[in-house]
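Visitor: Fit chains P and D to the given chain A structure using the hints.
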Amino acid sequence: MTQVEAAPIAYRPTRPPGRSVRRSPSGFGLGVGFVTIYLSLIVLIPLGAVVARSNSQGLSGLWHQITQPDALSSLRLTVAVSALVSVVNAFMGTLIAWTLVRDRFPGQRVIDALIDLPFALPTIVAGLVLLALYGPTSAIHLRLAYTRPAVVIALLFVTLPFVVRSVQPVLMELDQEMEEAAKSLGAGSFTTFRRVVLPNLIPAILAGTALSFARAISEFGSTVLISGNIPNKTEVAAVHIYSQIQSDNVSGAAALSTLLLLIALVVLAAFTFIQRWAIRRG
Amino acid sequence: MGKWIGRIVALAYLMLLLIVPVGIVFFRTFRHGFSPFWDAITTTQAEHAFRVTLEVAIFAVIGNTVFGLIAAMLLARHRFPGRAALNALIDLPLAVSPVVVGLALILVYGRFEPIGRFLDNHGIKVIFSLPGMVLATIFVSLPLLARELVPVLEEIGIEQEQAAWTLGASGLQTFRRITLPAIRWALAYGVVLTLARALGEFGAVAVVSGGLVGKTQTLTLYVQQEFQNFDPIGAYAASFVLAVIAIVVLIIINVLRPKEHS
Amino acid sequence: MGISVRGVTKRFGEFVALDDVSLDIPSGALTALLGPSGGGKSTLLRIIAGLESPDSGVVEIAGTDATTLPPQRRNVGFVFQHYAAFKHMTVFKNVAFGLEIRKRPKDEVRKKVKELLELVHIEKFADRLPSELSGGQRQRMALARALAVEPEVLLLDEPFGALDAQVRKELRAWLRRLHDEVHVTTVFVTHDQEEAMEVADTIAIISAGRLEQVGTPDDLYDHPANDFVMTFLGPVTTLSGDLVRPHDLELRAVPDAETTEATVVRVMRLGFEVRVELVCAGQDLWAQTTRENADRLDLQAGRTVHVARTTSATGAPDPQPQGAGTQTAR
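So the protein lines, in turn, are chains A, P and D.
Its first residue numbered 1, the first sequence is counted upward by one per residue in the working numbering.
Its first residue numbered 1, the second sequence is counted upward by one per residue in the working numbering.
Its first residue numbered 1, the third sequence is counted upward by one per residue in the working numbering.
Bound conformation, chain A alone (with noise of 0.2 Å):
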């Protein structure tokens, strides 16, 4: 087979031509320029302002102006809302990925399609479709706006895809065996799903949960039509800070926006804390 003088192709390396190919560095470092200019311009410098601001009559001045009955109240609202919005999530949204994912219904692909639409849909017109239920022109006279049940109806509208994005494809990679194992073994379903299925399903609840929190104290555009806003009553903290804008007390407002900040990070963290925390367990 070794035919040493008829190769059957022309062959003559030659270099490739002389263009100035160059390796990426240059293109590495403009990459890492313009990524770092439009962070700080558009990201950090302005977050960097709000926090300066809040600090601008130092650690006391923020203590001040967070403590306002106005502001706390509002800070009160937001996280006792928040906390309740996520444990309902929690559990529904567990549930909604369970139905979804374990059983089989006419229309199953829509709803799961559907699951996301708070998501798209903007958070005003969130709070106008909420309006139309549960609103002064209610049309089952389910009147709850202007009330703290709406404010949870709200976040919890606009939190709905987090726990159940989260724990779908987790049930969906659950290894069946597992289950049935269990059943072969005397276990209940109650006793299976406690047992085998939830155990692997809380770092995604958990994660879900977090970031629907997150969400949820920082959430403004679904609650301005249906909370009313009413001071000391129905405002959010994101209202409160909006309504100290528009009477131009920009310390107060970045005072509690700092705070929110403070709060969306600890939660992250806790997040990204969970996610490694899963990894680990595989």
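It is worth saying that the hints were derived from the structure and are not from the lab.
The beta carbon of each residue, even a glycine, is placed where N, CA and C say it ideally should be.
Treat the hints loosely; a few may be bogus.
Facing chain P, from chain D, some residues (calculated, C-beta under 8 Å) [to be verified]:
no., residue
1, 49
2, 53
3, 69
4, 72
5, 84
6, 87
7, 88
8, 92
9, 101
10, 102
11, 272
Guide: Positioned in the frame of chain A, the structure of chains P and D alone reads:
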């Protein structure tokens, strides 16, 4: 039995929270036929709001597409000091309330702040004007594209690109002919997500735009104004348009999503 | 000289992937970089290609210092273990890629690609996507793609590692024939000693970031520079503290000055070959012998035999000299 209870509870919850309310808005938009709806969305004010919304969204999508591509390539293809920081900072906008975004931009680009005053003296108005609205929209939709691209870039790996290099393709040629075709579906998906977010942004734009009718009023601001002016048909009609855009986005996303994994 | 590597060192953090490696690869030869996984052989290949840059040292390709050249300017063909097929391009487009980058006329590209696809026997699949090919076909496409630009050197990183055993055997023989037809300087990385022995003119053994030995397959098998090379290239056992190949052990019935007494533990008949497990002065060892020998000695568990090395037995010299200077193949 337990299965039925689970199904009923889950579906009832979705009905009350999601499906019935959206349905009612659709119903009310067309309760008096098509022409009131058409009249409501073709007023000068509504048409202007459409145009402003579209302008802001297009600038924001262009900015974030360029940023998202570059940031994703940096995160997926390079190891450098500051990479971890970049990775964390990209997600930061998701944790910030839209109102805080608006405030943050005012505190830098407002007319009474050093940078804002400097720009104002040079004839560039940022706050209460289009640039500020674009910045706010970019801020809130900043991570969406990069977050779609990074996992896809990591999954396709660097070998095809390295093969192109050894065949003589420059960095830019490799990106255009190898990388870009490989991530085209993820890119399309990310652009759609960014566009949807940009069209629907309310809070951040509400703070920086001033909502000047006929000037800086976007569609979402128009919805709010119409509703507060007790003109529900105007609010419902504009909401209907925004909701239809959202549903189209959902459909596109559901069509694009399976292709990522093929 | 085809490729000349001098004093190349590469670290990844604390891990030393290559430690002062020098190696000359002659023009037109087919050379294997052989060694255990993680030993640095792939890193060396990627440094030659310009896909990694060395911390120190020099790489010359065809007499030109290529150390700081980007991969685009080195004119190397690189074949990846997992093919790195351009998934969105047809087989034709894949092979044409390098030529199109070089802006060759369309006719020339078409003619050249056709030739190459015939050379690697996938001309029928020119319009298919890589996903519609088998692993072996994809690897041949990757090879045609690398050859299309007529590289100075062809570099293959575990080219058959992802293929199943049967295809791997076919492609080995085929690579050897291909090299005899297209005399391009070729370097391939493998961890499979049988593959290296079968295909390569020259083998360079690399382990733990160091070059252990360079030579022809026979050289290395018969004159291993050290115990590692000997162990890596074939089966070994220990007799009186020395490494020896089991087929170099002779079992005798009668003791003499050269023999050592041993007790048979187990006899395994594997077709023609008979494998004998023994204990010698409390040490386990094993010998390979023929069925005929085994019958003649009536080997069975518990029997005492006398073990000697055959006169042609190979072994590593000791103490082991570590060649820090340049080792030249052949």
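Visitor: Against the structure, test the hints numbered earlier, and report the numbers of the ones violated in rising order.
Guide: Numbers 2, 3, 8 and 11, in rising order.
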